[in-house]
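Start from the sequences, fold in the hints, and give me the full structure.
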Amino acid sequence: MTLPTVPRRWWPASALLLSTVVCFALGGVLDNGTLDLGVTLLCYLAIAQAWNVLAGFGGLVSLGAAAFVATGSYAAALVLVHTGLGWPLAVAAAPVTAMLLSLLLSAALLRLRGDYFSIGTLAIAIALQALIRNWSWAGGASGVTLPADAVPSGGNLFQLAVLVAALAMALTLYARYSDFGLRLAAIRDNEPAAAGLGVAVRRHQLAALLPSSGITGLAGAVIAFQFVVISPDGVASVSWSLNAVLMTVVGGTGTILGPVLGVGVVYYGLTRGLQSEQTLSLVIEGILLIGIVRFAPQGVWPLLCRAARRLLGPRPDSDSDSDSDTGRPVADRGKKDEPAPAGTEPVALDAV
Amino acid sequence: MRTVRPSLRWACAAVCAALLATGCAGNSTSSAGSTSSNDPIVIGTSISLSGAVVLTSVKDGYQLAVDKANAAGGITVDGVKRKVKLVVLDNRSDTNTMVQQVRSLVLSDHAVALLGSCCQQNIDMQGQADALKTPLLMGALPVELLPAGQGYAWDSFQSLADGADKFYELAATASTNKKILMVNTNDAQGKATGELWGGLGEKAGFTVAASKAVPGGTTDFSDVIQAGRSTGAQILIANMTPPDCFAMWKQMKALAYKPKLAIGLQCAQTPGWSSLGALGDGTLVQLNWTDSAGLPDTRMIVDKFAKKYPALNDLGSVALGYHETELLLDAISRSGDATPAAINKALATTDMSSALGPVKFKDNKSTTPSFIGQWENGKIQQVWPAKGAVPLKSLAGLN
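Top to bottom, those sequences are chains A and B.
Just so it is clear: in the first sequence, position 125 is 125 by UniProt numbering, and no numbers are missing.
Just so it is clear: in the second sequence, position 98 is 98 by UniProt numbering, and no numbers are missing.
Keep in mind that the hints were calculated from the coordinates and are not lab data.
C-beta: ideal position from N, C-alpha, C; glycine also.
There could be a bad hint or two in this list.
Stated by the list, open to error - Stretch-level coverage of chain B by chain A, calculated; a stretch enters the list once three of its residues show a Cβ under 8 Å from a Cβ in chain A:
| hint | segment |
| --- | --- |
| 1 | 88 to 101 |
| 2 | 111 to 125 |
Claimed, not checked - Far from chain B, by Cβ distances over 10 Å, these chain A residues were calculated:
| hint | residue |
| --- | --- |
| 3 | Leu122 |
| 4 | Ala170 |
| 5 | Gly196 |
| 6 | Ala307 |
Dropping the structure here:
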């Protein structure tokens with residue numbers, strides 16, 4: 001009897017689908033405290049994963065995630081407060097507005113390279129916070145209070161957060177396994193070479209920026225529903241950008257599961273675990289970041305993968321120590337030539 | 001290529017469907033607020049203990065009241081003595097962290113009531129209290145600034161108007177041209193304070209010669225100082241965070257701007273003010289408490305904390321924390337069942353005198369007395385009202 005074959009790349013997609021369904025189902029059985037913690041973790045995961053697609057796979061190191069979180073939060077809140085439309089439409093407004101903003105800014109931002117791109121995105125996040133603070137229709141510095149009865153909460157909010165995080169994970173899987181992702185990685189690693197081979201650099205970067213900002217905006221809408229009261233000091237705080245970078249770098253940039261681990265370590269392990277000892281938490285975060293940049297620039301996840309592989313023995317069909325199996329630090333992008341993919345199936349350059 | 005059996009895929013799909021159905025069917029999660037009568041009553045706070053604002057003295061006040069209650073065997077709720085557990089979380093002066101911590105206090109730690117932080121954070125916290133339907137008792141927010149909410153936030157603190165009136169009464173006794181330079185942060189509290197103080201100043205016969213709004217973290221105040229100099233303003237009202245005031249005071253000295261009176265709202269209350277040395281001498285400060293006003297429990301607070309906090313403003317912060325907690329514990333005791341809804345109801349009928357004075361809430365607000373103090377040699381002394389005060393001195397630091 002011949003068995004139908006399933007390509008290897010479908011396994012992560014199946015695992016994502018299964019996890020999404022399981023997590024969605026948990027929305028009905030967990031207690032309120034756990035659900036609230038889950039919403040926070042899932043929002044951080046979506047934001048970190050969206051940053052990962054842009055920086056880890058696209059090489060565009062953004063410090064502007066806060067701008068898109070704020071755009072999504074405020075778009076959803078203002079639709080609810082000023083139009084009286086239902087929350088599904090408010091949720092839909094969030095990614096649309098965030099993507100429109102990124103489209104508007106892309107003309108200027110995508111002309112910037114390296115550190116200049118990072119500084120440009122940071123400037124936008126700070127400028128947007130100042131703009132909101134002085135925008136009286138959006139509540140100014142006091143912010144906006146959402147009608148608590150008109151937004152999902154508890155299990156429903158958790159399920160919404162699950163879908164947003166799943167979307168972010170799906171985007172990462174697409175960036176990892178698709179032809180598009182391969183071309184994006186080529187631009188990241190050697191832009192002139194990729195352009196020379198006919199890859200439309202600007203178009204691909206825009207194609208990464210748009211969904212990345214859309215998902216960040218979508219996470220912003222969930223955050224607005226969770227916070228109920230949103231203010232420029234909260235949802236437009238640069239800390240969203242810094243957390244996205246920290247969580248992804250700690251977990252592993254350019255990997256699929258790295259940000260998942262990063263969110264767990266940074267938020268659950270440090271911020272939440274040491275919430276009555278915040279100074280200690282900040283010190284540990286700093287030491288962790290320095291340690292990772294110095295000793296494990298690929299992040300913790302690739303390190304764990306390598307350690308596990310050493311323990312279990314090498315796989316017959318792969319070279320365990322090559323860059324092709326591990327995430328690479330964003331700072332190293334373009335310093336090495338990547339090996340050309342072999343075979344007909346797209347081969348991702350980084351670890352899962 | 002690897003393979004997977006169709007039966008396995010079907011099994012997975014079946015498990016998924018079952019879980020999905022469970023999830024959709026049981027979306028009524030139980031509220032996490034009920035505790036048995038043997039458990040301690042949990043109250044919580046997310047307060048700035050690190051970062052831009054450090055409120056350790058307020059936290060000590062919270063703990064003092066809880067320790068006092070527990071030393072007496074706990075508080076009596078429906079005839080039963082119950083211990084009180086205070087959960088204190090440091091929010092690093094970060095709004096997002098504060099929101100997440102408040103939610104975790106109520107949803108995970110089962111706190112039946114909350115104590116506030118300071119200033120703008122209290123306004124943000126109010127939304128959480130309303131959303132979670134959990135009473136929040138706050139101070140450190142002038143009563144005029146408490147937004148109209150859904151009734152779960154309670155503010156017992158001084159009034160901006162009362163403080164401004166006392167300042168203008170004092171300023172009228174000094175020899176100035178009655179021209180004011182006003183500097184406020186551009187957040188909600190800064191804007192509201194600026195408008196109220198400016199309006200009351202005009203009523204009291206003063207003129208706002210120049211008014212500037214600056215974002216938190218401003219380091220260059222040259223245009224603000226220039227505005228003060230060009231208009232000849234001899235009275236400075238600065239409503240900013242401590243680091244911003246420090247920077248402005250240094251630049252005023254450098255640019256030789258010498259107002260005759262200067263008051264630092266928000267900023268000059270902090271112990272860090274003494275680090276300015278002689279430069280800070282003569283600066284006025286609005287106080288919510290003094291040890292010479294005959295307020296309840298003054299002796300106990302001074303005896304316990306005068307060594308740790310030699311400055312009057314810090315002792316005032318301890319008194320504030322103690323005052324908030326006393327009010328809350330009183331309401332819990334009268335609530336009958338220590339549930340958030342019952343405590344909220346009991347707070348509305350509060351009628352007691354605590355460390356900051358008598359309290360009776362109207363529209364969730366209760367005004368406590370204001371005092372004006374003046375810095376000298378690293379200490380604050382009450383200069384207004386005249387009862388229990390020392391004479392006003394010149395603004396030595398900048399002149």
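(request) Give me the numbers of the hints this structure contradicts, sorted from smallest to largest. (result) none
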